[in-house]
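Asks: Now for the letters of each chain:
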Amino acid sequence: MKNIELKLKANNIRKETVKAIHNAKSGHPGGSLSAADIYTYLYFEEMKIDPANPADMGRDRFVLSKGHTAPGYYATLAERGYFPKEELQGLRKLGRKLQGHPVMNKIPGVDMSSGSLGQGVSAAVGMALSAKIYGDDYRVYTLLGDGEIQEGQVWEAAMLAAQNKLDNLVVIVDNNNLQIDGEISEVNSPYPIDEKFKAFRFHVITIDGHDFDEIRTAFKEAREIKDRPTAIIAKTIKGKGVSFMEDLAKWHGTPPNDEQLALALEELEAARKKLLRQQEESKGADNE
Amino acid sequence: MNREKKIATRVSYGNALAALGEKKEDIVVLDADLAVATRTDIFRDKFPHRHIDCGIAECNMMGVAAGIAATGKVAFASSFAMFAAGRAFEQIRNSIGYPGLNVKIAATHAGISVGEDGATHQCNEDIALMRTIPGMTIISPADDVEAKAAVEAAYHHQGPVYLRFGRMPVPVINEVPDYKFELGKAVLLKEGTDVSIVATGLCVAEALEAAEELEKEGINAEVINIHTIKPLDEGAILTSAKKTGKVVTVEEHSVIGGLGSAVADVISAKNAAKVLKIGVQDIFGQSGSGAELIKEYGLDSESILKKIKGFLCDKE
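Those sequence lines, one after another, are chains A and B.
The opening residue of the first sequence carries number 1 in my numbering; numbering runs sequentially from there.
The opening residue of the second sequence carries number 1 in my numbering; numbering runs sequentially from there.
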């Protein structure tokens, strides 16, 4: 998929994310939006998956270790066709499928239940280990928050991943620099994140997490690395795509009100129109 | 009962796991630097590529086990009860219990009989912790025969199981022809009419011995072995309780939240009988030999006998 198409997908995902959180009157927009481009790339380009057969044993796996950004994840799964987009309106509602944090076996496409920070990465290591033990060739991806890596379990998992040479594992850190109580560097700094993963014997790639060229190059590079897991440190902006949410910790877990939703959708629609124009122009250029 | 032949159930576990590994390719065993103590080393020596030593990191081990199970394999994760059920409680709850994954948490060194290591390593709380997790099956075998059968049953059961094994060698009481293990079924070991003794784990042998002594004094005790603490065989307990009107629970676990509490929950709902809970009181343990500690904390047959006699005399 071309970058422009990926950008349009990500734009849809961002729209559905803010709509779902607004409708739920709760949820986590900041980290959903910062991860939207990574979600998009994983589900529309990188992973070997089949939405019609979500339980296929040979599929690539994704574990959302930062489970609270489920709205963006669900919007991605819906966009990819795992379930109808209408389901997103059931987010966080009693008796509905889409729980506040991801649940496997209940939500099509969700490979692992998560939400308690630091735990998803261990499950991803387990999946990658299982593939190694049984000679399966699927790959495993897990997305962590940069605040999440304050959890000690993340480093227990990292140590074991390198020990077992899990080159089928890619750990992505959504480095938007913010957690609930403020900047990660001020709360309890996990920096330098790249050096830490290097010390834990990972191949480390630092990228702009909103640049599809850089995202593409990083995931391609990860496939080439042997005998070591890869960590992609994605520098992102919390709330990316909705100007009034960008780079503010208060949008970690606050739903937009009616007015804010309208503003957000207006902005995202303007961005979509701009992307469509660019797409038309590039088509024209191709035809010349 | 053969009181001469003694085997620690952790050894039974190690042997059963290695034997099962022979037949079942989908078993992956995890340990946290205690393979020699939990006896997963027996499996490791036969199937090294299916044994992963996670190092001293139990929380991660439980998550890794969950991930392995999520790929359709059966993960057995072992450590001491204290660090499995205790330290990794939340990982077990959220990464294994909530998604109902096929992980068997095989915890050894449970209870006070751990011995010389002292209170930090004597887990008298694991049953209580595991009982609170929806869908968790809890098996606490009484001896070698039952422990081996429990490993096999746990493998065949779809979903999370907590297996409780001990460090100290215990008498083999189930070496009988056509022994059968049924998950969730109480085992009536001795019929009686005066009092029901409901025991689990190594306390079953002690309870049987106490019942023999009671018999000599004209007290006819019924003895029930509960190897599956959850789901509990409520029917068997209520039937016995209604018959005798007096129930004594015996376990190598805190009197808070263990077998005694589970039995009392069932009985109180039906107002079926008076209950005495014998177990480790609300205190920490200490160093000493396993056998000494069992005596010190009142779980040996003599102490059980004394407590039951007092309970039967109590007219209140």
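Source of the hints: derived by calculation from the structure; they are not laboratory data.
Note that the Cβ used here is the ideal one computed from N, Cα and C, for glycine as well.
Misleading hints may appear alongside valid ones.
[As the list claims (entries may be wrong)] With a Cα cut of at most 20 angstroms, we get these calculated PhoX-like pairs of lysine-lysine:
id, chain 1, residue 1, chain 2, residue 2
1, B, LYS274, B, LYS242
2, B, LYS274, A, LYS132
3, A, LYS97, A, LYS85
4, A, LYS283, A, LYS2
5, A, LYS132, B, LYS242
6, A, LYS97, A, LYS165
[Said to hold, decoys possible] Rough simulated footprint, nothing fancy, chain A against chain B, three-plus residues with beta-carbon under 8 angstroms:
id, stretch
7, 65-76
8, 90-97
9, 296-307
Asks: Is LYS97 (chain A) close enough to LYS165 (chain A), meaning Cα to Cα at most 20 angstroms?
Replies: Judged against 20 angstroms, a Cα distance of about 36 angstroms means the pair is violated.
Asks: Decide if the proposed pair is consistent with the structure: LYS97 (chain A) and LYS85 (chain A), CA atoms, cutoff 20 angstroms inclusive.
Replies: Roughly 13 angstroms separates the two Cα atoms, so the pair holds.
Asks: Given as covered by chain A, does the stretch 65-76 of chain B meet the bar of three residues or more with CB within less than 8 angstroms?
Replies: holds (count 10)
Asks: Is it true that the CA of LYS283 (chain A) sits at most 20 angstroms from the CA of LYS2 (chain A)?
Replies: Satisfied, since the Cα-Cα distance of roughly 12 angstroms is no more than 20 angstroms.
Asks: Count the residues of the stretch 296-307 of chain B with a beta-carbon closer than 8 angstroms to any beta-carbon of chain A: does the count reach three?
Replies: violated (count 0)
Asks: Quick one, are LYS274 (chain B) and LYS132 (chain A) close enough, alpha carbons at most 20 angstroms?
Replies: violated (55 angstroms)
Asks: Does the alpha-carbon distance linking LYS132 (chain A) and LYS242 (chain B) stay inside the 20 angstroms limit?
Replies: Measuring from Cα to Cα gives roughly 55 angstroms; hence the hint is violated.
Asks: Is the Cα-Cα distance between LYS274 (chain B) and LYS242 (chain B) 20 angstroms or less?
Replies: holds (10 angstroms)
Asks: Just to make sure I understand the rule, a stretch counts as covered if three or more of its residues have a C-beta closer than 8 angstroms to a C-beta of the chain. Does the stretch 90-97 of chain B meet that for chain A?
Replies: Since 4 is at least three, the answer is holds.
Hint compliance for this structure: hints 2, 5, 6 and 9 are broken, all remaining hints hold.
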